[in-house]
Amino acid sequence: MAIKFEQVNYLYPSFDGSNFSALENIDLEISEKGEFITLIGETGSGKSTLVQHMNALLRPATGSVTIYGIKIQKNTNKNKKIKLNPLRQKVGLVFQFPEYQLFEETVLKDIIFGPKNFGVKEDVAIERAKEVIKLVGLTEEYLERSPFNLSGGEKKRVSIAGILAMEPDILVLDEPTSGLDPKGRDALLELFTEIHKKLDKTVIIITHDMNTVYKYATRVLVMHDSELVFDGNASELFKSENIVKWNLDLPDIIEITNQLEKKLDISFNTKPHNVDELFKLMKGVL
Amino acid sequence: MKNIIVGQYVPGKSFLYKMDPRSKILALGILMVSAFVFKDITHIIYMLFGVLLILKIGGIPIMRIARGLRPIMILLLFTFSFQVMFIKTGDVVLETVLTLTYINLGLMVLIILGWYFTRTYIKSRFLFLIFVILGILTMLSLFTPGITISSSNFVVYEDGLLGASFIMVRLIIIVTLSTILTLTTKPTDLNLGLEKILRPLNIVKINSEEIALIISIALRYIPTLLDEANKIMLAQASRGVDFSEGKIKDKVMQIISLLVPMFIISFKRSDDLANAMEARSFIPGNPRSRIHILAWENRDTIVIIFCIVVLISTIAVRVFL
Numbered sequence: 001m002a003i004k005f006e007q008v009n010y011l012y013p014s015f016d017g018s019n020f021s022a023l024e025n026i027d028l029e030i031s032e033k034g035e036f037i038t039l040i041g042e043t044g045s046g047k048s049t050l051v052q053h054m055n056a057l058l059r060p061a062t063g064s065v066t067i068y069g070i071k072i073q074k075n076t077n078k079n080k081k082i083k084l085n086p087l088r089q090k091v092g093l094v095f096q097f098p099e100y101q102l103f104e105e106t107v108l109k110d111i112i113f114g115p116k117n118f119g120v121k122e123d124v125a126i127e128r129a130k131e132v133i134k135l136v137g138l139t140e141e142y143l144e145r146s147p148f149n150l151s152g153g154e155k156k157r158v159s160i161a162g163i164l165a166m167e168p169d170i171l172v173l174d175e176p177t178s179g180l181d182p183k184g185r186d187a188l189l190e191l192f193t194e195i196h197k198k199l200d201k202t203v204i205i206i207t208h209d210m211n212t213v214y215k216y217a218t219r220v221l222v223m224h225d226s227e228l229v230f231d232g233n234a235s236e237l238f239k240s241e242n243i244v245k246w247n248l249d250l251p252d253i254i255e256i257t258n259q260l261e262k263k264l265d266i267s268f269n270t271k272p273h274n275v276d277e278l279f280k281l282m283k284g285v286l
Numbered sequence: 001m002k003n004i005i006v007g008q009y010v011p012g013k014s015f016l017y018k019m020d021p022r023s024k025i026l027a028l029g030i031l032m033v034s035a036f037v038f039k040d041i042t043h044i045i046y047m048l049f050g051v052l053l054i055l056k057i058g059g060i061p062i063m064r065i066a067r068g069l070r071p072i073m074i075l076l077l078f079t080f081s082f083q084v085m086f087i088k089t090g091d092v093v094l095e096t097v098l099t100l101t102y103i104n105l106g107l108m109v110l111i112i113l114g115w116y117f118t119r120t121y122i123k124s125r126f127l128f129l130i131f132v133i134l135g136i137l138t139m140l141s142l143f144t145p146g147i148t149i150s151s152s153n154f155v156v157y158e159d160g161l162l163g164a165s166f167i168m169v170r171l172i173i174i175v176t177l178s179t180i181l182t183l184t185t186k187p188t189d190l191n192l193g194l195e196k197i198l199r200p201l202n203i204v205k206i207n208s209e210e211i212a213l214i215i216s217i218a219l220r221y222i223p224t225l226l227d228e229a230n231k232i233m234l235a236q237a238s239r240g241v242d243f244s245e246g247k248i249k250d251k252v253m254q255i256i257s258l259l260v261p262m263f264i265i266s267f268k269r270s271d272d273l274a275n276a277m278e279a280r281s282f283i284p285g286n287p288r289s290r291i292h293i294l295a296w297e298n299r300d301t302i303v304i305i306f307c308i309v310v311l312i313s314t315i316a317v318r319v320f321l
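Listed in order, the protein sequences are those of chains A and B.
Using my numbering, the letters of the first sequence correspond one by one to residues 1 to 286.
Using my numbering, the letters of the second sequence correspond one by one to residues 1 to 321.
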């Protein structure tokens, strides 16, 4: 197990002395290889807090998170002997807003900033930067531009490239496709599936898009009111009655299938994953 | 960051909360002037007790204020030691020779090393530091075997000690008073009060409303920017920036990686804010109506009269005693 959560609670302190509980009794295991996990749930349900525990940015109030054999507890940081920094190379976390991390004069310098912090030689890092900039769908010309003169979508890609260049074992992305156009969104999601399939790495994505969940995820985690309420595969999730309670909705293709079944008074044995499958099912019935 | 207490409102119910912000600002001004009028250590200690009494009646825990004083501790310590060292009038309180020998130099180094390695385990580090410094000074004056490297006279005069305590107490009073104001007054009220009090400046073409607006926006954005700074730190930590350690060269890079996004985000925020204000038809200098109207009540008048009495009596004390 690469990451293991055991009875994790996390509290955000507020000024009047009371605490807001952001995570409650989270038990979770994430393996190093081969998972494509989507993390969903309404805003404020604790998704971002959860992923910030995955690379030891936050420490649990009670319980423990074990990342690559290093146990993180409430007072882990007090003990300087445990180096948390290497964990952040292993678990690469891309934040939701690229503005929080871009700061260098050129895109190139910004991308190699992460690898250099983890002791990668500059020329190696530059080679990596040239690779990843193409992976995220930009060209090498972008490397010489200033990160602040880019559009929102381009900034997002550069920030993702900055993490990819660190070559993490597990890639965690907080809403990577927000603010992107449909084409860019699909391209990025394809990139993540490629990383997942070709390099057999675990990818964890926070998203609000049920189509993404249904199309790509091998495993779905649902957060609701600071608790992890579902951990399983997507088909199971969308059969569940709790969808409404958790403020989620159905992917378009399932919505359409349900409507068809209702209107035509038929029922399919399986739920289709895409239009072709639906077409086949329809043919079978007609 | 939780220690930043100056400029932070904490809800409560005492009379300090019910007072009109204008009267509170005026009272603060008058009491501060009184604190500067006093010349004698005993009088200013009486005033300190008065301030503690205000805290007691106002239901503000003294510990809270004490925590707020922590950031200015260093300043207090500096003023105290400079006063003690450089005022050379009055009776001699303590005269001793500080002698540095090879043996106690070695001991001193040992003590400093001991302090350096144990300080992370001690809860009140500041007291520990003071304790260590006093300990070293005592050792230098009393324990002096071996060959002398250098020695110097260390004399403490009564006036130095009194003057130092006097200035320290005065600083504490001023900071406490202003902390009371910001603790018990919502930033919006404070701002409104300031605006009304600065109104007379309109005669000399200084727009008090604009000044008040600038202050209120600045205050409003302190927590927001702290929050942003925290997020940036997390984002950069994810890219391997270790804010807790590193060489000087790395430290510079760390700070740049924090400051540049901070600047960009603040500029973006102010731009957004300007647009949002304009979208709600804010035009600088145009008259605006208000939701909150300040109401001056009897208790405000009483407090102001009381403060004026305090001021007059301090002046009387200064002139006649």
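Just so you know, these hints were derived from the structure itself, not from any lab.
A hint or two may mislead.
[Claimed, not checked] With the C-beta cut set under 10 Å, the calculated list includes, among others, these residues of chain B facing chain A:
| hint | residue |
| --- | --- |
| 1 | Thr101 |
| 2 | Ile103 |
| 3 | Ala237 |
| 4 | Ile248 |
| 5 | Ser257 |
| 6 | Ile264 |
| 7 | Ile265 |
| 8 | Glu278 |
| 9 | Arg288 |
Computed from a predicted model, the values in this text were never measured in an experiment.
Ideal Cβ placement from N, Cα and C applies to all residues, glycine included.
Comparing the hints with the structure gives:
The criterion of a C-beta within 10 Å of any C-beta in chain A is not met by Thr101(B), whose closest approach is roughly 36 Å, and the hint is violated. Violation of the interface hint for Ile103(B) is found here, the shortest Cβ-Cβ separation to chain A being roughly 33 Å, above the 10 Å cut-off. The restraint placing Ala237(B) at the interface with chain A holds, with a minimum CB-CB distance near 6 Å, inside the 10 Å limit. Hint status for Ile248(B) relative to chain A: violated, with the closest Cβ pair at about 16 Å, above 10 Å.
For Ser257(B), the suggested interface contact is upheld, since its CB lies about 5 Å from the closest CB of chain A, less than 10 Å. Interface restraint check for Ile264(B): the shortest CB-CB distance to chain A comes to about 6 Å, inside 10 Å, so the restraint holds. Residue-level restraint check for Ile265(B) holds (minimum Cβ-Cβ distance to chain A is 6 Å; threshold 10 Å). Look at Glu278(B): its Cβ only gets to about 22 Å from chain A, farther than 10 Å, so that hint breaks.
Taken as an interface hint, Arg288(B) does not check out: its beta carbon lies about 29 Å from the nearest beta carbon of chain A, beyond 10 Å.
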